[in-house]
Amino acid sequence: MPRISPRLILEAYKIHPYLPYLLPACKTIFQAKLELGWIINELPVSKHKSAIKKRFRLYPLQYILGNQPFGSNLKIECKKGVLIPRADTEEWCMELCKKLRKIKNPNDSLKVLEICSGSGCISLLIGEQLKDYLAELDILGVDVSQICVDLSQKNLELNHKYINSNKTLINFIKGDLFNKDLLSSLPIQNHELVISNPPYIPLEEYNVYHGGLEKSVIKYEPRLALVGNLEVYKSLLDNFVFNNKSCKSFIFEVGNKKQIEFVRDYILFKKFSWNVGYRIDSNGQYRNVVGWQRDCNYDLLQKMCTSIYN
Amino acid sequence: MNVIVRLNPVFWLSSRSLVVNGGRSLKNVFAFRGYLKYSTISIHENENLKFENIHPALIKRAKQLKTELLDLEKYLSEGKVLKAEESKKFSQLSSLSRIYDEYGNEINNYKELIQLVENDDSLKDDALLELEKSTVPRLKYLVSKLKTRLLPPHEFHDKPCILELRPGVGGNEAMIFTQDLLGMYERYAQVHKWSYEVLSKNEHSSGIGLVDAVLVINEPGSYNRLRLESGVHRVQRIPETETKGRTHTSTAAVVVLPKMSEIDSNSERKFGPDDLRIDVMRASGKGGQHVNTTESAVRITHIPTGIVVSIQDERSQHKNKAKAMMILRSRLAERERLERIEKERSDRTSQVSSTDRSDKIRTYNYAQNRITDHRCGFTLYDIEGCMSGEKLDDIMDAVEAKETEDRSKSLIEELENGK
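These protein sequences, in sequence, are chains B and G. Residue numbers for the first sequence follow the numbering used here, beginning at 534 and rising by one. Residue numbers for the second sequence follow the numbering used here, beginning at 11 and rising by one.
Rather than coming from a laboratory, the hints here were simulated on the basis of the structure. We put the CB at the ideal spot given by N, CA and C, even for glycine. Mixed in with the good hints there might be a few duds.
Claimed, not checked - To give an idea of the chain B side of the interface with chain G (calculated C-beta under 10 Å), a few residues: (1) E568; (2) Q601; (3) G817.
To be verified - In silico negatives: residues of chain G with every beta carbon more than 12 Å from chain B: (4) D168; (5) G178; (6) S216; (7) K331; (8) K401.
The task is simple: from the sequences and hints, build the whole structure.
Encoded structure:
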């Protein structure tokens, strides 16, 4: 991390005595002022000082404030032990919802399975966006951590007014993605779409120096939600895509190109009737791998892709 | 006779007090009679009986609109259903025709009363009283109302609005004044019980004053009320920052935009893929799970016009983007409207004075406790009442009246040229 110059600290101090404490996390006075504004607006006065102190030690702002906005209305509660929803995830989720509106007719029903649901943000956003569009919408989120399952249930209740609809059903269940028999024990079986933002940071990248990982992430966010690699994608495909005939498509978040290529090769090896594409996000990073069965409505998912493999 | 005419207002005053008192003193009765003897002259001289009648071209226009209404009514009676636009027009026309009918009745009334005054000695005084107390004020009211109704409604008259405030010349003091103006409009919205939201606010790094601010007022029709606030507001006072007690002059600019709703924009405006450049604060490096950034600022550039909107107040990038798009849409709508007006104006031969774009529209002089609007020359001696949003309506009414007058003048010109 670059050193913060004494002059910057002095300048920040002149604006507000708390401001220098936010500089290590924010780096610029502009951003520090915004963060200070959010802390002052959202927390009671008695908590300001401790919040500033925590932030000084790079504690994530979302854990301090207790939530993160996601999509246009949702507010996802965040607490230690659960991955904080990212703007990159928000971006592709909104895109996916737009595509789903084209793929599905209003009279259709849709069943979605989300693996590694974490805070539940993806499931909740899809629920919010499509709740009144489809005749029946059934979403099940699965996560291995009990803290996550409890928190996502809570988020469902907190955002009740945005998701509430008698056509929509959202549930969260504890389950391990590496468990081959998990699918048969789930209350939802004939899902059409599998979504996942699985842990995708390879173990060798799990450090600040050459992994490109942020210090705050490594220090405070759960390792369980971060570290994983090709074996995760293999299990996702084996356990939730291939062993179910009704499954027509999947979309996973990825961390690098290798993971995309692995998914492509694995699909080519196992199933001929599937297409695979990848999506580069607005930040220029490999972000998603998308797969769909040929010759069905889900062909439209190719519009989300930057490029498609044949 | 001359002498009596000159005394007229005095007599008139005394006769007024009679009515209030309920009884007539002898002296007043004589005075009254004395006045009535020569009243044929005084009808035309008396200020209380004067009113500015509506221009014949406008009356013609009203008649024309009324026949349009009859056509629509016929259409309805045939059992046909009106389209949304037509039914809007129908309700506008029918309220216009109601006012026009009332005006017609009142004018007939007026003519009869005048005749009475001129020909019938026994009823003269009652007729005069009637004229002054009810007919003329009523006519004045109806004429002004008819004028406003005859003017085509503003394109965005039913829209909510967005106010953008920016300091002009005057350094820190201008920024402080910008803050004061923002407070004034916020309180104005509170007084009217309109829902509002400060969409974005950038404070100066010293913590005093604003670099810019955007205020949204969600009340439909608030645009029509506030649109004439657009322009440069000038302040003359001794700033808080001044140590030697000198008076400074500073300015702040206010831009009022119509707030375009999503539905409108879907039907009216679609951005091409290359029209917009959206710059978002990016997570450095690999993004995704690797970094957890709180940077959420968004900047949208509309490439064809070069309009730039940046918003950073919300924690969510998505929300910042939505807000920025809203402001962009409104700015584009206003810009296009102004361009249309400009074009129409250059098409016309005569130059029409307008309140739309004149700069320095108003001066707030704190030392003299006075606010003067330069467009209509109206002065209000109550800075505090204005800044608290309560007296702002007085100024706005005056400006609006001036604008209506200007517009009806240009309409008359247009109608006459069209003949």
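(message) Verify this label for me: G178 (chain G) is non-interface relative to chain B, using a Cβ-Cβ cutoff of 12 Å.
(response) Since the minimum Cβ distance to chain B is about 24 Å, G178 (chain G) lies beyond 12 Å and the statement holds.
(message) Given a cut of 10 Å on the nearest C-beta pair, is the interface hint for G817 (chain B) held or broken against chain G?
(response) The hint holds - G817 (chain B) has a Cβ within 10 Å of chain G, the shortest such distance being about 8 Å.
(message) For K331 (chain G), is the shortest CB-to-CB distance to chain B above 12 Å, so the non-interface label stands?
(response) At roughly 10 Å from the nearest Cβ of chain B, K331 (chain G) sits no farther out than 12 Å, so the non-interface label is violated.
(request) Report holds if the minimum CB distance from S216 (chain G) to chain B is greater than 12 Å, and violated otherwise. (result) 8 Å, violated
(message) Quick check on Q601 (chain B) please, does its C-beta sit within 10 Å of some C-beta on chain G?
(response) 7 Å, holds
(request) Say whether it holds or is violated: D168 (chain G) keeps its Cβ farther than 12 Å from all Cβ of chain B. (result) 25 Å, holds
(request) With 12 Å as the threshold, tell me whether K401 (chain G) passes as away from chain B on beta-carbon distances. (result) 32 Å, holds
(message) Less than 10 Å between beta-carbons is the criterion; does E568 (chain B) satisfy it with respect to chain G?
(response) 6 Å, holds
Violated hints, listed in ascending order, are 6, 7; each of the other numbered hints is respected by the structure.
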